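There are 2 protein chains.
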Amino acid sequence: MQLSKRVQAMQQSPVRKLVPFAEQAKKKGKKVYHLNIGQPDIKTPKEFMEAVRNYDSEVIAYSFSNGEPSLIKAISEYYKRFGITYNEDEILITNGGSEALIFAVVATCDAGEEILVPEPFYTNYNGFTTGVNVSINPITTTAENGFHLPSKEEILARVTPKTRAIMISNPGNPTGVVYSKEELEILAEVAKEKNLWIISDEVYREFTYDGLTCTSFGNIKGVEDRVIIVDSVSKRYSACGARIGSLCSKNKDFIKEVIKLCQSRLCVPTLEQLGAAALYKVEQKYLDDVNKEYMKRRDITFDVLSKINGVVCKKPTGAFYIIAKLPIDDAEKFALWMLQEFDDNGDTVMFSPVADFYATKGLGKDEVRIAYILEEKDLIRAMELLKKGLEAYIKVNK
Amino acid sequence: MQLSKRVQAMQQSPVRKLVPFAEQAKKKGKKVYHLNIGQPDIKTPKEFMEAVRNYDSEVIAYSFSNGEPSLIKAISEYYKRFGITYNEDEILITNGGSEALIFAVVATCDAGEEILVPEPFYTNYNGFTTGVNVSINPITTTAENGFHLPSKEEILARVTPKTRAIMISNPGNPTGVVYSKEELEILAEVAKEKNLWIISDEVYREFTYDGLTCTSFGNIKGVEDRVIIVDSVSKRYSACGARIGSLCSKNKDFIKEVIKLCQSRLCVPTLEQLGAAALYKVEQKYLDDVNKEYMKRRDITFDVLSKINGVVCKKPTGAFYIIAKLPIDDAEKFALWMLQEFDDNGDTVMFSPVADFYATKGLGKDEVRIAYILEEKDLIRAMELLKKGLEAYIKVNK
Numbered sequence: 001m002q003l004s005k006r007v008q009a010m011q012q013s014p015v016r017k018l019v020p021f022a023e024q025a026k027k028k029g030k031k032v033y034h035l036n037i038g039q040p041d042i043k044t045p046k047e048f049m050e051a052v053r054n055y056d057s058e059v060i061a062y063s064f065s066n067g068e069p070s071l072i073k074a075i076s077e078y079y080k081r082f083g084i085t086y087n088e089d090e091i092l093i094t095n096g097g098s099e100a101l102i103f104a105v106v107a108t109c110d111a112g113e114e115i116l117v118p119e120p121f122y123t124n125y126n127g128f129t130t131g132v133n134v135s136i137n138p139i140t141t142t143a144e145n146g147f148h149l150p151s152k153e154e155i156l157a158r159v160t161p162k163t164r165a166i167m168i169s170n171p172g173n174p175t176g177v178v179y180s181k182e183e184l185e186i187l188a189e190v191a192k193e194k195n196l197w198i199i200s201d202e203v204y205r206e207f208t209y210d211g212l213t214c215t216s217f218g219n220i221k222g223v224e225d226r227v228i229i230v231d232s233v234s235k236r237y238s239a240c241g242a243r244i245g246s247l248c249s250k251n252k253d254f255i256k257e258v259i260k261l262c263q264s265r266l267c268v269p270t271l272e273q274l275g276a277a278a279l280y281k282v283e284q285k286y287l288d289d290v291n292k293e294y295m296k297r298r299d300i301t302f303d304v305l306s307k308i309n310g311v312v313c314k315k316p317t318g319a320f321y322i323i324a325k326l327p328i329d330d331a332e333k334f335a336l337w338m339l340q341e342f343d344d345n346g347d348t349v350m351f352s353p354v355a356d357f358y359a360t361k362g363l364g365k366d367e368v369r370i371a372y373i374l375e376e377k378d379l380i381r382a383m384e385l386l387k388k389g390l391e392a393y394i395k396v397n398k
Numbered sequence: 001m002q003l004s005k006r007v008q009a010m011q012q013s014p015v016r017k018l019v020p021f022a023e024q025a026k027k028k029g030k031k032v033y034h035l036n037i038g039q040p041d042i043k044t045p046k047e048f049m050e051a052v053r054n055y056d057s058e059v060i061a062y063s064f065s066n067g068e069p070s071l072i073k074a075i076s077e078y079y080k081r082f083g084i085t086y087n088e089d090e091i092l093i094t095n096g097g098s099e100a101l102i103f104a105v106v107a108t109c110d111a112g113e114e115i116l117v118p119e120p121f122y123t124n125y126n127g128f129t130t131g132v133n134v135s136i137n138p139i140t141t142t143a144e145n146g147f148h149l150p151s152k153e154e155i156l157a158r159v160t161p162k163t164r165a166i167m168i169s170n171p172g173n174p175t176g177v178v179y180s181k182e183e184l185e186i187l188a189e190v191a192k193e194k195n196l197w198i199i200s201d202e203v204y205r206e207f208t209y210d211g212l213t214c215t216s217f218g219n220i221k222g223v224e225d226r227v228i229i230v231d232s233v234s235k236r237y238s239a240c241g242a243r244i245g246s247l248c249s250k251n252k253d254f255i256k257e258v259i260k261l262c263q264s265r266l267c268v269p270t271l272e273q274l275g276a277a278a279l280y281k282v283e284q285k286y287l288d289d290v291n292k293e294y295m296k297r298r299d300i301t302f303d304v305l306s307k308i309n310g311v312v313c314k315k316p317t318g319a320f321y322i323i324a325k326l327p328i329d330d331a332e333k334f335a336l337w338m339l340q341e342f343d344d345n346g347d348t349v350m351f352s353p354v355a356d357f358y359a360t361k362g363l364g365k366d367e368v369r370i371a372y373i374l375e376e377k378d379l380i381r382a383m384e385l386l387k388k389g390l391e392a393y394i395k396v397n398k
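Chains as they are written, first to last, in the numbering used here: chain A, 1 to 398; chain C, 1 to 398.
Mixed in with the good hints there might be a few duds.
Claimed, not checked - Within a straight-line C-alpha distance of at most 30 Å, the following computed DSS-like cross-link-like pairs (lysine-lysine) qualify:
1) K281/A with K46/C
2) K296/A with K5/A
3) K252/C with K27/A
4) K26/C with K395/C
5) K73/A with K314/C
6) K250/A with K27/C
7) K387/A with K314/A
8) K27/A with K256/C
9) K333/A with K31/A
10) K31/C with K73/A
11) K333/C with K252/A
12) K5/A with K256/C
13) K256/A with K17/C
14) K388/C with K296/C
15) K43/A with K73/C
16) K5/A with K388/C
17) K5/C with K250/A
18) K26/C with K256/A
19) K377/C with K314/C
20) K325/A with K296/A
21) K162/A with K221/C
22) K252/A with K28/C
23) K281/C with K43/C
24) K17/A with K43/C
25) K296/C with K314/C
26) K377/A with K333/A
27) K256/A with K30/C
28) K250/A with K281/C
29) K221/C with K256/A
As the list claims (entries may be wrong) - Coverage of chain A stretches by chain C, computed from C-beta distances (three or more under 8 Å per stretch; other residues unrestricted):
30) 58-64
31) 119-129
32) 229-241
33) 249-255
Stated by the list, open to error - Pairwise CB distance ranges (calculated):
34) K256/A with K395/C: 35 to 41 Å
35) K285/C with K281/A: 39 to 45 Å
36) G222/C with D225/A: 40 to 46 Å
37) K43/C with Q11/A: 41 to 47 Å
38) F82/C with Q24/A: 51 to 57 Å
39) K281/C with P161/A: 52 to 58 Å
40) K256/A with K315/C: 37 to 43 Å
Hints listed in this document are in silico derivations from the structure and should not be mistaken for laboratory results.
Given the structure is predicted, the values throughout are model-derived calculations rather than measurements.
Ideal Cβ placement from N, Cα and C applies to all residues, glycine included.
All chains should be built: construct the whole structure from the sequences, respecting the hints.
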């Protein structure tokens with residue numbers, strides 16, 4: 001039986017493809033520290049389960065296609081903290097940030113068209129585009145430059161007649177970059193000059209360090225009708241398994257068309273929306289405490305990396321990822337070796353090779369992504385394992 | 001700002017587009033009986049909320065991309081009741097039957113290809129295909145023939161070089177038809193002769209009446225490698241708001257490719273999957289009782305329709321829908337008139353015009369779909385309103 005070319009062209013998840021080897025390592029009795037996936041260990045605020053447990057209707061009925069009114073209202077209120085106004089008819093609830101991104105791509109691009117994305121990028125952007133015949137046109141950024149954007153001219157030079165949108169993750173997954181207001185304004189100028197949509201994935205908005213704040217595209221003037229903001233409770237409130245995201249836009253035509261996509265899948269789970277509405281009302285202190293915790297972890301991780309000879313890595317300022325360029329040829333081989341050959345007192349560590357986070361073939365082969373999502377003691381041990389493993393690997397491969 | 005042609009080509013939900021007029025009617029103080037949407041009033045088994053409430057992890061973490069093992073196991077066990085064997089690696093959990101259908105379409109069809117679907121069909125099939133540049137090639141069925149399939153020759157004549165799959169809903173939404181084993185075998189022959197996939201949407205499997213049972217495509221020999229079965233807890237356990245569906249196939253290549261789609265959206269909500277796993281263990285008596293209740297409602301609805309002069313309607317044997325051909329020109333105008341102009345002691349009734357359930361333009365203009373999802377007393381009153389309204393409408397439009 002023949003399968004579609006588009007599904008065959010889809011990349012296997014680079015974050016998940018080493019999982020079977022980790023399972024094998026565990027079966028052999030090794031302890032594997034996971035720095036490979038963005039599943040935080042932070043507790044979900046208890047308000048989520050309280051709201052879910054309090055559901056007392058006898059029927060688990062459909063919610064509205066655009067979302068539960070209480071959740072939409074809570075998100076509208078949440079944006080006001082950042083000086084951003086999205087009215088309730090400008091917000092749609094989605095199955096995680098994932099569905100929000102898919103809807104944004106389908107509504108703005110036809111088959112054969114393309115989207116500009118700074119690389120390395122969140123690898124699932126590949127799935128969201130390839131599956132619907134849209135391609136990613138990458139804007140290359142580098143470890144040496146802390147993954148900040150190139151000049152306006154370089155970005156303009158990438159635009160083709162088929163380009164329909166710019167899509168960014170800010171703060172960045174997998175780079176940890178937080179784009180400056182000036183960088184966003186340059187993207188806004190490009191979007192205006194070339195008539196592009198701006199799809200701004202801001203799910204890591206709260207995760208910025210060193211006193212920095214993340215400028216939202218909701219704060220950039222003059223592009224209100226072309227900005228689409230994607231959000232999610234997954235990382236913000238450590239509720240990845242709730243799968244509640246949202247899509248905001250001041251462009252009424254966009255909202256009208258996306259509502260058709262929402263209607264065709266009927267609705268997002270009712271209970272999870274009630275839980276998410278409660279999360280958006282959790283006091284600011286929760287977010288502040290989580291932020292402090294991640295900044296501490298960022299410092300632990302960066303401190304180890306910066307002391308290893310030959311590692312290139314600028315201190316990232318957002319999200320909970322660090323990309324490090326290692327003094328080796330092939331990070332995927334190294335990651336596999338760490339699972340299959342290495343251990344230190346029975347322990348090893350898993351991280352993600354970064355090559356598949358680039359659209360340009362050949363880039364990032366010597367880079368790894370570390371998700372600093374373990375608590376202090378485990379993170380220190382995991383980073384020690386990385387350092388020891390790297391030294392041993394270099395020795396073996398001399 | 002330009003929106004994609006594909007999203008603009010998507011139909012507005014015909015089930016939901018009259019909703020604003022119903023809201024207006026309610027604001028004017030009318031009571032509206034809803035026979036327009038498939039949201040049952042049946043209680044969800046209490047096991048669902050018990051399982052959800054018992055979740056005691058402190059983090060709402062990602063589930064597996066292919067689904068929670070306990071739910072997959074429960075579904076595998078459930079199929080055994082029907083003599084169908086799907087192993088745990090042949091089952092994937094999805095965001096409702098909706099996502100299962102989208103994944104099946106994306107994985108089997110490329111942009112520009114098409115799927116054979118008996119019309120009238122569940123209108124969201126339009127959204128699932130148009131959004132990903134696949135078109136529906138309809139096999140027309142008629143009220144006079146109880147919406148059964150035409151001959152093998154007629155079906156074969158519809159196949160073009162671009163046809164990749166046959167998609168059916170069995171028991172049928174919106175028709176209430178239950179296809180015979182012989183009809184499925186004819187489809188199987190067509191699929192084998194023309195090398196097509198078979199996407200079998202069996203979410204109404206339990207809803208069959210008059211002692212009839214629904215033959216699953218899982219019971220048809222010789223097409224195991226081309227059959228994809230879509231299921232859902234929405235109607236079966238009156239848990240529409242849980243959004244838990246599934247996709248089964250014995251074709252390992254298909255499963256492998258769809259797992260990429262699953263991975264790109266990470267997972268289905270964790271809590272809802274635990275609730276759904278509990279539902280699949282609910283005793284058979286629940287399903288039997290629900291079945292009896294719907295058969296009673298089917299009889300009430302059909303009894304009224306069959307006594308109205310000029311109505312064409314064969315007694316349907318499955319799901320909870322009836323399509324009736326009315327002695328009027330335009331069912332959408334009639335539905336609107338019922339909301340805007342008609343009332344009987346302040347009451348009116350809402351149903352779905354069926355024209356948009358056909359892909360062939362011009363068909364079904366005089367047909368309505370009635371979802372018999374109200375309890376006895378309300379249903380009797382709703383059907384009385386339909387009868388009175390129809391008589392008044394015919395009088396006014398003479």
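Comparing the hints with the structure gives:
About 29 Å separates the Cα atoms of K281/A and K46/C, which keeps this hinted pair within 30 Å; it holds. Restraint check: the Cα-Cα separation between K296/A and K5/A comes to about 45 Å, which exceeds 30 Å; the hinted pair is violated. Note on K252/C and K27/A: the hinted pairing holds, with a Cα-Cα distance of about 25 Å set against a maximum of 30 Å. Pair hint K26/C plus K395/C holds up; C-alpha atoms about 25 Å apart against a cutoff of 30 Å.
For the hint pairing K73/A with K314/C, the CA-to-CA distance comes to about 47 Å; that exceeds 30 Å, so the pair is violated. At roughly 28 Å between alpha-carbon atoms, K250/A and K27/C fall within 30 Å of each other, so this suggested pair holds. A distance of roughly 17 Å separates the Cα atoms of K387/A and K314/A; the hinted pair therefore holds under the 30 Å criterion. Between K27/A and K256/C the CA atoms are separated by roughly 24 Å; this keeps the pair inside 30 Å, and the hint holds.
Between K333/A and K31/A the CA atoms are separated by roughly 20 Å; this keeps the pair inside 30 Å, and the hint holds. The suggested pairing of K31/C with K73/A holds, with an alpha-carbon distance near 28 Å, which does not exceed 30 Å. Proposed proximity of K333/C and K252/A is supported: the alpha carbons are some 28 Å apart, at most 30 Å. Proximity of K5/A to K256/C is assessed by CA-CA distance (about 14 Å); at most 30 Å being required, the pair is judged to hold.
About 13 Å separates the Cα atoms of K256/A and K17/C, which keeps this hinted pair within 30 Å; it holds. For the suggested pair K388/C and K296/C, the alpha carbons sit about 22 Å apart, so the restraint of at most 30 Å is met. Distance restraint check for K43/A and K73/C: the Cα-Cα separation of roughly 29 Å lies within the 30 Å cut-off, and the hinted pair is therefore satisfied. With a CA separation close to 54 Å, the supplied pair K5/A and K388/C exceeds the 30 Å bound.
A distance of roughly 20 Å separates the Cα atoms of K5/C and K250/A; the hinted pair therefore holds under the 30 Å criterion. For the hint pairing K26/C with K256/A, the CA-to-CA distance comes to about 24 Å; that is within 30 Å, so the pair holds. A distance of roughly 23 Å separates the Cα atoms of K377/C and K314/C; the hinted pair therefore holds under the 30 Å criterion. Proximity of K325/A to K296/A is assessed by CA-CA distance (about 22 Å); at most 30 Å being required, the pair is judged to hold.
Among the hinted pairs, K162/A with K221/C is inconsistent with the structure: their alpha-carbon atoms are about 47 Å apart, more than 30 Å. As the CA atoms of K252/A and K28/C are separated by approximately 28 Å, the hinted pair is consistent with the 30 Å bound. Annotation: proposed proximity of K281/C to K43/C holds, straight-line Cα distance about 16 Å (limit 30 Å). A threshold of 30 Å between alpha carbons decides the hint, and for K17/A with K43/C the separation of about 42 Å lies outside it, so the pair is violated.
A threshold of 30 Å between alpha carbons decides the hint, and for K296/C with K314/C the separation of about 16 Å falls inside it, so the pair holds. Using a Cα cut-off of 30 Å, the hinted pair K377/A and K333/A holds, with the two alpha carbons roughly 27 Å apart. Straight-line distance between C-alpha atoms of K256/A and K30/C comes to about 28 Å, which keeps the hinted pair within the 30 Å bound. Pair hint K250/A plus K281/C does not hold up; C-alpha atoms about 46 Å apart against a cutoff of 30 Å.
At roughly 45 Å between alpha-carbon atoms, K221/C and K256/A are farther apart than 30 Å, so this suggested pair is violated. Interface restraint, the stretch 58-64 of chain A with chain C: holds (6 residues with C-beta to C-beta distance below 8 Å; minimum three). Residue count for the stretch 119-129 of chain A with a Cβ under 8 Å from a Cβ of chain C: 4. That meets the three needed, and the coverage hint holds. Figure legend: the stretch 229-241 of chain A, annotated as covered by chain C; annotation consistent (4 residues with Cβ-Cβ distances under 8 Å, at least 3 required).
Only residues whose beta carbon comes within less than 8 Å of a beta carbon in chain C count, and the stretch 249-255 of chain A has 3; three or more means the coverage holds. Between K256/A and K395/C the C-beta distance comes to about 38 Å, which sits within the given range of 35 to 41 Å. A C-beta distance of roughly 41 Å is found between K285/C and K281/A, which places it inside the suggested range of 39 to 45 Å. Separation of G222/C from D225/A is about 55 Å and departs from the stated range, judged on CB atoms against 40 to 46 Å.
Between K43/C and Q11/A, the C-beta spacing of about 44 Å keeps the proposed range 41 to 47 Å intact. Checked against the hint of 51 to 57 Å, the C-beta distance between F82/C and Q24/A comes to roughly 37 Å, which is inconsistent with it. Distance hint for K281/C and P161/A: a CB-CB separation of about 56 Å, consistent with the stated range 52 to 58 Å. Roughly 40 Å separates the CB atoms of K256/A and K315/C, a value that falls within the hinted 37 to 43 Å.
When each numbered hint is compared with the structure, violations occur for hints 2, 5, 16, 21, 24, 28, 29, 36, 38.
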